[in-house]
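Undergrad: Sequence:
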Amino acid sequence: MFKCILLFYLKLTGREAKVHTEAQAGPLYRVLGSLLSISCNVSGFSNKFAQQNFEFRIKKPENPAFEINIISTGDQNFAYAMYTQRVMSREITLKHLSPNSVLFEIQRLQKSDEGEYECSVINSESVYQGTYSAKTTVKVIDNSLSVSSSDPTSLRYNEGDALTLTCQASSNTIQHTHLSFAWLLHKDGEDNAQPIISLDRDFTLSPGQGFEGRHQAGLIRLDKMGEATYRLQMAQLELSDQGRIYCHAQEWIQDPDRSWYSIAQKDAQKTTLNVKVAPDTSSLVVRISTQQTTLQEGQELSLSCNIDTQNLEKRFFSVAWLRGSVELARIGPTGVLSVGSEYSGREKQGELRAARMGDRDYHLIMQPVRTEDEGEYFCRAWPQDRGQDGAFTQGAAQDSSHQPIRSRLSVEMQRNVSVNEGDRLRLTCKVDGIKGQLSVTWQHKSTSTSTASFTNVVSLSQEGVVEIGRKFVSRKVRATRPATDSFTLELDEVTPSDSGVYQCAVSEWNTNSKTNSQSQTTSVTVAPTDSFVKVNLISRNNRVTVGEDVELICRVKGPRVPITLTWSLQRDVSAVDTILTMYSDGGISWSGEQQGYQVKVQNKSNEVAHYLLINGASHREAGSYQCSVSVFLENAHKKLPPSNLLAVMVRNPVSKLELTSSPNVMTNLNSDVEIKCSVTSEPFPSSRYAVTWLHQQLAENQTMLRSDRDALVTFGTDVELSNRLSMRRTKGPSFELTIRQAQISDRGSYICEVVEWLQDPRGDWYQLSPVSKITELKVIEPEKNLSILTDEMEQNVSTSQDFTIPCKIVKQSSSESEFQVTWFWQKETEIQQHPIFTVYRNATLQDRSGKGDRLRFGHSLPNQFSLTVMKPDPEESGLYFCVVEEWLPSLSHGWRKSALGKSGNLTVNVYTDGKYGPQCKLGTWIGIFVVLVICLLVVIFLLVLKICRSKGSGGKKSGKSLWAEKVPLEAKPGAED
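Using mature numbering (1 follows the signal peptide of the UniProt record, and there is no 0), the letters of the sequence shown map in sequence onto residues -17 to -1, 1 to 960.
Read the hints as simulated data drawn from the structure, not as lab findings. We treat Cβ as the ideally placed atom computed from N, Cα and C, and that holds for glycine. Hints may contain errors.
What the hints assert, rightly or not - Derived BS3-like pairs (lysine-lysine); straight-line CA-CA distance at most 25 Å: (1) K756 - K659; (2) K94 - K170; (3) K587 - K639; (4) K622 - K517; (5) K880 - K794; (6) K639 - K659; (7) K94 - K331; (8) K94 - K122; (9) K118 - K31; (10) K756 - K714; (11) K659 - K459; (12) K810 - K885; (13) K540 - K517; (14) K413 - K459; (15) K714 - K659; (16) K929 - K794; (17) K791 - K761; (18) K756 - K834; (19) K297 - K259; (20) K791 - K854; (21) K540 - K587; (22) K517 - K587; (23) K249 - K297; (24) K621 - K587; (25) K810 - K854; (26) K885 - K834; (27) K259 - K170; (28) K583 - K622; (29) K42 - K170; (30) K78 - K31; (31) K587 - K459; (32) K78 - K118; (33) K517 - K413; (34) K540 - K621; (35) K756 - K639; (36) K791 - K929; (37) K880 - K791.
As the list claims (entries may be wrong) - The following label-pair restraints were derived from C-beta to C-beta distances: (38) E395 - E534: 45 to 55 Å; (39) E108 - D475: 18 to 28 Å; (40) T255 - S116: 33 to 43 Å.
Whole structure, please, built from the sequences with the hints as guidance.
TA: Set out below in structure tokens:
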């Protein structure tokens, strides 16, 4: 009552809410085997505190018209069979987050989970107003994230040593994704790994907890080298660094709601790092020196190592030069030079030389030096003890201090950049020299006024912190460092006011102090949209019937510049297929089906018209067409906004199918019935027909059989009916359904449903609307004319007497009827009935009791049968009766059984001689005497009648009579004509 009053009040005041259902926007791209989450909520119900019930369904790409139930909050049996097990195992769940919102999750996505998901809310009120469902498209893609490392699985270092590790991470996903990367340390005894240093998806560099100080001091660095290589450098290892170090990458994709979602993550193999306390080598002092610490590419790098210890002249040493953890060269105790694997090629080319200059001094020269040679260098010396056999034993190593070698900083930018209004401005600043602790500031100065000064656009600090300038806070601007030697500025949706001079200012930092700065500028011109190229798509006939031609015109207006034009077709909201691309040099690249398409180009005074001709359109060519143009300017292709979408609709031809069918049919039970359905209209040249026969009873249609367009016949689920059905096709075409031995259950309406299939110009088959005809079938059940004498009788006989079981047919269906008679015996105290004797309609006799020598069969008249039991036993007392089968001749099926009848019961009491008389009373004896007199009179009457008939027939015996006084009987099978 309150609910009704509330609804009335809301309507009266005009504040009735509309129900609105909203699901997470798609398309959602998720990786095979990962988690899928879709949120769904509803608003607008009058009782917002009542918990609503939700349902999730899916339409799959291979059958977009068929909805499949997945899960419901209110019905445990909602799911279809293909999802039942996954719902029961809780691999698929649907949970309430609030009374009006739910979260749908699939724990491990399968490829078959791709499709269009629909979230529906069950209306809990008496009226419908608003939307009760929302849809989201999900795409399942393969996991292409690859993370690997070639570093050893185990490393041993002393405290204070330098460590360098590399890792490769990349993804082949065709969607636009970002990678985040981190080096992690998993210490022994701890549950979780902790980050050492990481680079997030926006290229922001961050040290992990506990590593901030060493990162600020420049002792920990993460460099991206090229497109997929990441390098970790730890200049001075600490004992706390011991554990398992590995790299971890995550792939992120941006959903339509602009939020980022992690679709994949992987770890590389782990490297076990053992850090031990540095040995006491105070007696051995190792020093490193260089003439110049800042170099340009091509100059000479000279590194000198000096060792000092007691009795230096009498001892042997090995000395090596290292950059990070990479050994450049080593001079052994006998003065033999060996070069590391990474530098062997440069040693062979004469770019690396090393020699022992005396007992204390060792010298290494590299020329020309390269940018990648930048880093921390140090010398390492090992005492070598020589045994009596001449073999050397290596002692504990002693390292020198670290000497940084850096390249001089230089900055380079591209010159005179042009961009169209609305496009993205992308500027790249290349840095040569020192890489690592660098910061960049991007600045802009307008050239429209002479007094304009540079204003900050965005800056990227040496710690990876991004800061956007005040005038650009509301703009889509990004500053990234995609590689170690480059910085990038991206400014979306530029306007002519963004024209001017842009400056890239790069600064070098060392322990929070700026040591060097360089800058470079470039001029940027933003061309207004109205001064450039415009593209639109038109058509004169985009609504056609299958087989008709379509002409699409892509009009490109603007200056005559080299362009590349692409035709594409979008068949649904998520799939876009490229048809062809026409390049500026006249070349054509076909990406889709070339069959059915033609192109031509027509030059006009102020535009170029590109035609796409569809010859004989089929349903395959239906969809939304679009032409896209990219302009080749400044040695680069600039993609323009695509044309408008133009829908091409391909309709089926109007069905001209006409049918005739058999008039209403009436037939007898067990007769064969034929129902005919014929096509009377003129068919198309490629016409084929699929036929379905339906049986309608009580307003329900049951499929009897179906014949597809290739004449493949399949039957319905009724096996008994299917065994009596057949169908054949004749010219016309005509379809004839035959029902053999019609039953009462066969009556009703028979629907002949015909679907005409046509072949389109591409060879694909499609169907027109079905046409049907109805034929009524009536099955007449014949009267049961068979009737058997059903009087109940009782006889008391002794073991020396015989008794007869009569079987008289008082009514029959036809004068041509023949009969099969079986006598049965049943104890009064039991239910089971025992057959004792059968006479078949071909006069064959069969004893079924094993007492044939005491049985006598009689057939005095055509409709009278009898069976006499001679000298019965007391155990044979009980009920006796006969069962008669009536058989009639049939032209199509020979003899068939038409009716079945049963006689009344004869109760027989068998007693032993001498036992029954004394127990009977006088009245009983009188009754017996009267019965005997009556029976005697009946026998005399029958004998007289028989004699009279015999005389009337000339003394010949009737062919229909069979009398056997005593016939030796054998068990015989039932005989059939």
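Undergrad: Now tell me if each hint is right for this structure.
TA: The hints, checked one at a time:
| no. | hint | verdict |
| --- | --- | --- |
| 1 | K756 - K659 | holds (10 Å) |
| 2 | K94 - K170 | violated (38 Å) |
| 3 | K587 - K639 | violated (45 Å) |
| 4 | K622 - K517 | holds (12 Å) |
| 5 | K880 - K794 | holds (16 Å) |
| 6 | K639 - K659 | holds (20 Å) |
| 7 | K94 - K331 | violated (54 Å) |
| 8 | K94 - K122 | holds (9 Å) |
| 9 | K118 - K31 | holds (22 Å) |
| 10 | K756 - K714 | holds (19 Å) |
| 11 | K659 - K459 | violated (73 Å) |
| 12 | K810 - K885 | holds (17 Å) |
| 13 | K540 - K517 | holds (5 Å) |
| 14 | K413 - K459 | holds (22 Å) |
| 15 | K714 - K659 | holds (12 Å) |
| 16 | K929 - K794 | holds (22 Å) |
| 17 | K791 - K761 | violated (35 Å) |
| 18 | K756 - K834 | violated (63 Å) |
| 19 | K297 - K259 | violated (30 Å) |
| 20 | K791 - K854 | holds (23 Å) |
| 21 | K540 - K587 | holds (10 Å) |
| 22 | K517 - K587 | holds (15 Å) |
| 23 | K249 - K297 | violated (55 Å) |
| 24 | K621 - K587 | holds (23 Å) |
| 25 | K810 - K854 | holds (18 Å) |
| 26 | K885 - K834 | holds (23 Å) |
| 27 | K259 - K170 | holds (15 Å) |
| 28 | K583 - K622 | holds (22 Å) |
| 29 | K42 - K170 | violated (48 Å) |
| 30 | K78 - K31 | holds (18 Å) |
| 31 | K587 - K459 | violated (39 Å) |
| 32 | K78 - K118 | holds (18 Å) |
| 33 | K517 - K413 | violated (34 Å) |
| 34 | K540 - K621 | holds (16 Å) |
| 35 | K756 - K639 | holds (15 Å) |
| 36 | K791 - K929 | holds (17 Å) |
| 37 | K880 - K791 | holds (19 Å) |
| 38 | E395 - E534: 45 to 55 Å | holds (51 Å) |
| 39 | E108 - D475: 18 to 28 Å | violated (45 Å) |
| 40 | T255 - S116: 33 to 43 Å | violated (55 Å) |
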